[in-house]
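Trainee: Taking the hints into account, I'd like the entire structure generated from these sequences.
Top line first, the protein sequences correspond to chains Z and E. The opening residue of the first sequence carries number 0 in numbering that gives the first Met the number 0; numbering runs sequentially from there. The opening residue of the second sequence carries number 0 in numbering that gives the first Met the number 0; numbering runs sequentially from there.
Check each hint, because a few of them may be wrong.
[Unchecked claim] Pairs of lysine-lysine, DSSO-like flavour, derived with a Cα cap of 30 Å: (1) Lys155(E) to Lys471(Z); (2) Lys129(Z) to Lys359(Z); (3) Lys297(Z) to Lys129(Z); (4) Lys259(Z) to Lys359(Z); (5) Lys155(E) to Lys472(Z); (6) Lys297(Z) to Lys259(Z).
Bear in mind the hints are in silico, worked out from the structure with no lab data behind them.
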Amino acid sequence: MEPLFPSPAQAITPRIRTAVLCLGVGFLVLLLRLWYLQILEGDRYFTLSTNNRLRVRPVEAPRGFILDRNGEILVENRPTFDLYATPEDVINTKEVAATLAEILGVSPGEIEARLHEGRERPYQPLLLRKDLDEGMMVAVEERRLDLPGISLHVRPVRAYPIGGAAANLLGYVSEVNQTQLAREEYQDFRPGENIGQAGVERRFDAFIRGIDGGEQVEVDARGRALRLVSRIEPHSGANVYLTIDKRIQEAAETAFAGKKGAVVAMNPTTGEILAMVSRPSYDPNLFAQRLTGEEWEKLATDRMHPMENRAFQAQYPPGSIFKLMVAIAGLESGALTPETKFNCPEHFYLGTAKFDDWKKGGFGVLDLKSAITHSANVYFYQAGLRVGIDPIVRTAKAFGLGESPGLGLGDEVKGNLPNPQPRRGGQPAWTPGNTVISSIGQGPVVTSPMQLLGMVSAIANGGTIYRPWVVKKITSLSGEILDEYEPEAVRQVAVKPETLAFIRQAMLGVVNEGTGARAKVPGILIAGKTGTAQVVKKGDEKGHAALKDHGWFVSFAPVDNPQIAVVVLVENGGFGGLVAAPVAKAVYEAAFGARQPFPHPGVGTDEAKEPDIED
Amino acid sequence: MFDRRLATHFDWWFAATILGMAFLGILTIYSANTMAVSTFRRTLYLRQMMWVGVGIVALVAACLVSYRTLARFAYVIFGLGVVLLVVVLLIGKAGLGAHRWIRIGGFAFQPSEFAKLGLVLFLARYFDDHREKLREPRTMLLPATLTGLCMLLVLKQPDLGTALLLAFIALSIMLMLGLHWRYLIPFAAGGAAVAPVLWMVLKDYQRRRILVFLNPNLDPLGAGYHIAQSKIAVGSGGAFGKGWLAASQSQLNFLPLNHTDFIFAVLAEQWGFLGCLVVLLAYFYLITKGLQIAQDCTDLFAALLAAGISAMLAVQVLINTAMVLGMMPVVGIPLPLLSYGGSSFLVTMLCLGLLLNIHMRRFMY
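Mentor: As structure tokens, then:
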């Protein structure tokens, strides 16, 4: 067939010929190599393969440390000693077993049986007991002469100088489990290899774990090590510096002792998490040793969910905290002004439905600021109806409620906001009554502590939502910075500066003369809001602890130059002003330390008169 | 619309060879993982079977549309490939760790695989458009820059093997066009002069870091162990191999990555020299056929596309097998058609489909 046009491609024909030639040479070289390996040397390699002469013993790399923002150690390693036997070298099995049984406090039969198992591979060290305690170690060392073939191997495990503080945040380390081994991400893990399983340890595992080293040993057909071919030292993992401040963390832990719930402190102008407490928690040391199946079962199925980080993995009705959203929505739409007044008796009637205030006898006529200060429910029932549910939900969404905060440490709950859209198929339609209960943060409104912290931080900083973050930087052992993190503004909430200024003043009133008075710290202007979330009562009202309300307190300080924002949630603790506010106070005292010389005029002077703190 | 001549020009031997290799791949992946601890590993062959199915569809699809139509979208496809390379870096940054995959549902795909094909398409179209100015050095500026950009993006992942592969693809296409050898001299000389000096200056741990950089999946015990084990596996296969499922060396986890980059070692242990000979002849047939298709073309775009694809397959086969046979440092390049991996398999099938496409339509243009 004649080409339609003179072919420009003909120029490449000689090059194609060269290419085929090169290819031919390449394949010929490969075939020659194969001939050499498989035909000429085939027998030698066959013997090598049946003997498996090269053995590899992994040497576990020590994990990197986890430190606080000032370089204080939060998680480090300690050496632990494992007891091994090399069966071939154990000369008198009976005697050795008896001696070991005495030291370890087990029956001689058990040890003998274990040693017998090892007879199959007599040169392979056999693990007898992990993590000996000090007494056992000393005993083994002392009786070394009676224990031929018995040796102690040192291995690094996690140690926690701050005890169980921030356990849910830091996470824990344990052996990769069967479920994980079945998944693609873990296909290159050896069974028994350690891995970060939660929190920071898990999220930053790739950095923290380091690179295992190994010993390559040539062995004979019986498994006896002939020579060490090479040894590669393990590379320690990288150190992770958190945004956490150990002092604040410890103060929060102490103040929260015996309570259930969460405390989180954050820098509202950057999103740096300064402290994060979740209770009940677990003892991370349990994982450093070998956790028995029973112990794990107990933790995993505990009704109190100690493995859950309540700061962002649990959600509760925000209660009166949500009134701030109603107020902001109203001020922005013009439905409310600072001067808007409502009469606030003890009960509010919507048709025949009755809604109560928490204060017996009611408040009388209140304006918006006093309504926030005293957390008057009846005011916000009426305000909510006037503002309407849609603007309230829009505002709440803008302030980050109903979305994951983006901390990145495992699953985060999204909470829930009212959905007043027309319902389909059998669902009851949205009613004004729904709006009324939503306005005080009950009913369909649920949030996580982390979400409320983001919200109050935005109020403090002028409307910017920051992504919360816990890791400041990651450095190698030699101090080289591997990764560094910076504040990330998720969005700017469209809200008038006057609106936020008003809210901040009202929140200052909450602490100075309102429901949050127990958070007051002399000399620091703290703005706060209390909340008490009703727990759905189940049948009887005998006042069981499980039925008590959840107490909230969100706050930030100093009001005109915010440096720290704090959320406290006490599960089933009762009134927020009573149980949650004092915890925040302890956090502020730790954060501002001794550098508060003068009491601010008009603040913290009238200790005698303590206003109502229930809401 | 459908021309009967298309069917008569379809190369059935070529297609049959491809299918045979894909089937061999599944068998080998199955046998390589029967003893694996990870249950994910043990069921890999099922996933590969699915990928073979998807790949066959891709191959047929790549045959159906005329390559002329494809030429019109070449720039768009390339642009998309570059965007995906950027996306994978951004996602990787957010997710820490490996920066090579984009996950969709339960599957991960590797944009760098698609970038290879995108680059070939782009270069073929570009040089076809600028055929009158081929002798001007200026014409080479844009393709060189864009190839460099792709290489940088892939290097960031980090994946040095694929980056070098991209360079080689671009280079071979330019050479096909008649790029004078003397343009290569400064690069080759510069590289050859700097590399050994650099290697000498580096400290031991830095060298190891480079080796790990070459292939992050490499076990930390170093390339030495890996290659030693690989050679034992290959050599112990002897003339006729140990037989299917009887390859103790590669099954017993002495050989990491045995289902991906080191699959040739499993094959060699099971089927011996004879099996390797057959497999290598099959590759030789596929690649030379591709080059012949390029030679027979009267259309510059098609000729460059076919030549580029053939070069890409050739380099992958040569590098991968040379690495398994202990003649090259370990780099993370899979063996086309045989290695486990959806992206790699899919792209190889698309490439082979394009070769068939060009071959079928050689009478048209």
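Trainee: Evaluate each hint against the coordinates.
Mentor: Hints, one by one, checked against the model:
A C-alpha spacing of about 23 Å is found between Lys155(E) and Lys471(Z), which places the hinted pair at or below 30 Å, so the restraint holds. Between Lys129(Z) and Lys359(Z) the alpha-carbon distance is near 63 Å, which puts this suggested pair outside the 30 Å criterion. Between Lys297(Z) and Lys129(Z) the alpha-carbon distance is near 21 Å, which keeps this suggested pair within the 30 Å criterion. About 29 Å separates the Cα atoms of Lys259(Z) and Lys359(Z), which keeps this hinted pair within 30 Å; it holds.
The hinted pair formed by Lys155(E) and Lys472(Z) meets the criterion: a straight-line CA distance of about 20 Å does not exceed 30 Å. Only pairs whose Cα atoms come within 30 Å are accepted, and Lys297(Z) paired with Lys259(Z) is accepted, the gap being roughly 18 Å.
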